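Novice: Listed below are the residues making up each chain.
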Amino acid sequence: SQKIEQNSEALNIQEGKTATLTCNYTNYSPAYLQWYRQDPGRGPVFLLLIRENEKEKRKERLKVTFDTTLKQSLFHITASQPADSATYLCAPGPRSGNTGKLIFGQGTTLQVKP
Amino acid sequence: NAGVTQTPKFQVLKTGQSMTLQCAQDMNHEYMSWYRQDPGMGLRLIHYSVGAGITDQGEVPNGYNVSRSTTEDFPLRLLSAAPSQTSVYFCASSSPGSSGTEAFFGQGTRLTVV
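Top to bottom, those sequences are chains A and B.
Heads up: the first sequence is residues 1 to 114, going by the numbering used here.
Heads up: the second sequence is residues 1001 to 1114, going by the numbering used here.
This is chain B alone, in the form it adopts within the complex (with noise of 0.2 Å):
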């Protein structure tokens, strides 16, 4: 299995422009999400979903756009780059568990806002 794949692995834009993350995994997993990940920062959760046609707001949306047509994918647009949406990108999936289920990660995309 490919598990969670994450393209580009890395990105260089100018501020302004536009562009989109692209994540897909092949468990058939419910939950998606999106994560940055800044040196000292540790993991920040943009947005998640739990459902194709379902997503939500994690701690720091602003700027990031996602939708979810179908089970397999959830990319990640940026809409304007600007230089604090350098980062890395982790996508993640995992199955629904009121009792804790494993979330599998994708190898991240490096992105940098010139």
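With the rest of the complex left out, here is chain A (with noise of 0.2 Å):
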């Protein structure tokens, strides 16, 4: 079955350093990738989306990469800030389009520190 990983433990990075999600799949050939990010007591909000002939994407300090090879996607937050302390997650897109039937990794808190 479809299986997406992401680091389940706490990331806890200090302010101004890089802070680096993992996202692994196995079990599936995604047509494109996308990370959310939530914060407590609220619904995920999207941010980046990195389609398969993609290698790299970025919007502003956040950067995405998409190794189809490796079954990985990272997401790099460089600078981090305080207010970039959210839990992150990933949702490998279905090549039938589908949005609807996302799936989610179980997602990866980070915690940055002033």
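Calculated directly from the structure, the hints in this document are not laboratory data.
Just so we're clear, the structure is a prediction, and the values are computed from it rather than from any experiment.
There may be inaccurate statements among the hints.
Claimed, not checked - Sample of chain A residues at the chain B side, in silico, Cβ under 8 Å:
no., residue
1, S8
2, Y32
3, Q34
4, N98
5, G100
6, L102
7, I103
Yeah, the Cβ is synthetic: ideal placement off N, Cα and C, and Gly gets one too.
Bring the two chains, given one by one in their own frames, into a single complex with the hints.
Specialist: The following block contains the structure:
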């Protein structure tokens, strides 16, 4: 069955450093991969989407890579700030284009300390 | 725009009671989904719909019913609540797109079954 793995342990880093979060998937061949941010008590919010023919995608301080050979996506936040503290979820997207049935990883909680 | 609206925000049920969680979106999205989120488990897909009149099961559909009579609304029904259904429930909507489109989430319904 399809499996999506994110580091379940919280990631604690110092303000100003680069945070790197990992998303690995197995038994799956996604056409794209999405990253979401979730704050406590709130619904997830979309951040970035990267397609299988893209190696890297950037948006302000965020960078996502997608390695279909390794079946892995890396999510980087450069110059991290305490406001970046949240849980980050990855969601590989189906080839059918049916984003109504996105399957999510369990999320990695990032804590940025001042 | 209101986006995706879920009601109620909080609910306490007794075992065996029934209730309906409401979800409405004003973005004319074809796809709508229901997820539950439990500590350490991430988001798990319960049911989804690709359009009015069309629904299908996700990863954890047992104990839940859905219907989609309009594009805007996608209610989730618990026929006989059980303590195992204590969770936070999220509704999401999105547009079709083979190259991927973002999902918009509601603020969630926190349900406790005693």
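Novice: Would the stated hint for S8 of chain A survive a check requiring a Cβ distance to chain B of less than 8 Å?
Specialist: 7 Å, holds
Novice: Hold the hint about I103 of chain A up to the distance rule: shortest CB distance to chain B must be less than 8 Å.
Specialist: 6 Å, holds
Novice: Would the hint on G100 of chain A stand, with a C-beta cut-off of 8 Å toward chain B?
Specialist: Since the shortest Cβ distance to chain B is 3 Å, the answer is holds.
Novice: Given a cut of 8 Å on the nearest C-beta pair, is the interface hint for L102 of chain A held or broken against chain B?
Specialist: 6 Å, holds
Novice: With chain B as the partner, please determine if Q34 of chain A meets the hint condition of a C-beta pair closer than 8 Å.
Specialist: Holds, about 7 Å.
Novice: Does Y32 of chain A hold up as a contact with chain B if the rule is Cβ-Cβ below 8 Å?
Specialist: 4 Å, holds
Novice: Would you settle whether the hint for N98 of chain A is holds or violated, based on the nearest Cβ-Cβ distance to chain B being less than 8 Å?
Specialist: 6 Å, holds
Against the hints set out earlier in the document, no violation occurs for any number.
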